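> Taking the hints as your guide, dock the two standalone chains into a single complex.
Residues per chain are reported as follows:
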Amino acid sequence: MSLPSFFGGFRVTLRQVLEPRVTRQYPKEKQPKPPRLHGRHVLSRYEDGMEKCIGCELCAAVCPADCIYVRGKDNPPESPVSPGERYGFVYEINYLRCIHCDLCVEACPTEAITESKMFEFSFTSRADAIYTREELLVDDDGRPQKLPWEDWREGDDEHTSGWMRATAPAGSAAYEGQVQWSGELGYGVRTPEGGQSGRRDDSRTGNISIRAVEATKIPRRAGGKVI
Amino acid sequence: MGLDDLNHNFLTGTLEELVKWARRSSVWPATFGLACCAIEMMAAGAADFDLARFGMEVFRASPRQADLMVVAGRVSQKMAPVLRQVYDQMMEPKWVISMGVCASTGGMFNNYAIVQGVDQIVPVDVYAPGCPPGPQTLIHAILTLHEKIRTGAITRRRSDGTGAGIQISEEVPGWVQPRPRPVHVGTPR
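The listed protein sequences derive, respectively, from chains W and G. Everything in the first sequence is counted per the working numbering, starting at 9 for the first residue and increasing by one. Everything in the second sequence is counted per the working numbering, starting at 101 for the first residue and increasing by one.
Chain G on its own, in the form it takes in the complex (with noise of 0.2 Å):
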């Protein structure tokens, strides 16, 4: 991004803030409902929760015009491909919610015909827990999805490999895994 080259000073860094006010306030999110969780967040996009409040009203069929994808619902081997390919179609900067415990890790179908969790395939921001998340849970982890936008670097690139911090090739004896820092929120009032 061009913004790599600038200096930090007061102009810039007020034109950060602004960058990142703008990115929370219009997180599109793809269409992307596997499963029951999706009725759920089709409630959270209706008048009784009302995601046009966040500016995301807009489920966008289009992954070039999202920012956003809301994996809910569990994810079976053969969706995989599939979910992988509208993350990699969607434009930089881009982030997921793995919405639901089937999405997060699989929950209760442990299973071969689901995967083990989403973050296998794509690098996941927020987790929700529940079966289903409620739309108030769904809220709150885009509320969180919003803090970490708002605390993070707008230059950012996703390194490769597995989200979560979860390693799978690299298997070290003795080597103990960097446990990522959380993001503690305190939801605004």
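Pulled out of the complex, with its shape left as it was, chain W reads as follows (with noise of 0.2 Å):
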């Protein structure tokens, strides 16, 4: 064989090692996320800290995957746990059945359940799977639990649920960019997400364009930066 056949067979290889790296070493970095991903939940309390789950069991019914159980119970008068009546005294998600279709978060009348960023969890038995509302509510200062199978980063919690903020209430498009829900726990009022209207205000919502994440992985002749 010739030499240049011989290196011509490298050709193709040869050219790629000038291009840009695309690998992402998972467990040292995670890849960034667009601010509408839906991860595990959370249970939110409003700003004075009450919980927002009135136990209505909305989340519950409209779960396509039967992943949700709610149970409602009176509030204690003298130390009541959620304003108004009732509160979700039992709250529990199977995760091994949930498909972060985030319809119970489209349902929710009060915006108690909403969907986090963090998607990178595993167990090792069934019953590690199903979360409790001690495990789902968000703790004192309004983040959410780390639980020790789970791999929190930073930024993680910081832009939920940014369908529920994009769409509500109902789904109108004429809500759009307008606030038409309640104050959190920690984070205050979260600003509405930008739709296809162009009002978006992304440094404030997170939001981040897709090429702006693909950006490294643009070959080098179609203008590419190497990292």
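The set of hints was computed from the structure by calculation and includes no laboratory data. Just so it is clear, the structure is predicted and the values come from calculations on it, not from any experiment. We treat Cβ as the ideally placed atom computed from N, Cα and C, and that holds for glycine. The reader is advised that the hints may include incorrect statements.
Estimated spans, in silico, between C-beta atoms of each pair [as the list claims (entries may be wrong)]: (1) G:ASN210 <-> W:THR31: 32 to 42 Å; (2) G:SER162 <-> W:ARG23: 29 to 39 Å; (3) G:ASN210 <-> W:ILE218: 33 to 43 Å.
So this is what it looks like as structure tokens:
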């Protein structure tokens, strides 16, 4: 075999040597995520610390995978858990059934259940996958509880449930960009997501364009950058 | 296995660590994509997430050469005996990752056609939630499995029956099912 034909076989390989690297070293760094990603749920609270869930079971009714189990109970009059009459005193989500469709987030009348951006978790038994109310509820700072088998990183709990804030309430486009939700403990009133109309504030909603995410993967001859 | 007869001393302890390190550094998965989760499994094996970093880029077509079965997708009743046969053909030691909610519990397909959890057929080590789990979730499950190999006994034999401690036949009134101890893993940075 002649030498030119030998290296000719490596032509594609050698050309790719100079191209940008695309591998994301997952355990070291996480891929940036869009703000509307559906991850693990959190049960949020009002800014005064009261729980938002009123135990209406609408989320359980709408869930297509039947992964939510809620039971409401009358608030104790001397120390109410939530403003109003009732609160959810049992709240369980089976993460081995949840398909993260966010229909529960849409159905919730008080924005009690929202989704964070943490999606890196795994279980060694089926029983671990059933999250109870104590695990789903945010702590006293309003931050989600970081359980040992979950991989939380910086920013996973920042801009949660952007989809809800883009379409709520009732999914009507006429309400786009209008705040129709209450404040949350630790975060205050969240900024509305920009929809397709162009009115958006990406710096406050954490929105990133897919082109910015994928910029390092564009080939050099198409204008990509080598990192 | 031959290591059963050895007493536990410094030499065999070190050897045990070495065996575990070798096992978890080259977990070869069997090709068992069943549904849309297999797309994410392929994505995890491709350049973006690159399972070769964990020594497991070779998805073996033969179960005899595989250590790990990633059940990626919903298991229909018709597929269940095939899955069990592939599992039986794999050599010990072998592990199973149930990838996605359909494989783990049937997910949203709560009907007569889908097996409600692959742990009714094969013992499952790690469950990856999500519909489908992203490549990072799958890698997290793989790292959990690595941790399970690292902390487990190397001469373990599988007990017969179902995985995940789920007992189907032994229903005793008043008997509290012991909850399996979870493996708590911090993901290595």
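> Between the beta carbons of SER162 (chain G) and ARG23 (chain W), is the distance compatible with 29 to 39 Å?
About 34 Å separates the Cβ atoms of SER162 (chain G) and ARG23 (chain W), which means 29 to 39 Å holds.
> Does the beta carbon distance between ASN210 (chain G) and ILE218 (chain W) stay inside 33 to 43 Å, or does it fall outside?
The hint (33 to 43 Å, Cβ to Cβ) holds, given that ASN210 (chain G) and ILE218 (chain W) are roughly 34 Å apart.
> Measuring from beta carbon to beta carbon, are ASN210 (chain G) and THR31 (chain W) in 32 to 42 Å?
holds, 38 Å
When held up to the earlier numbered hints, the structure conflicts with none and fits them all.
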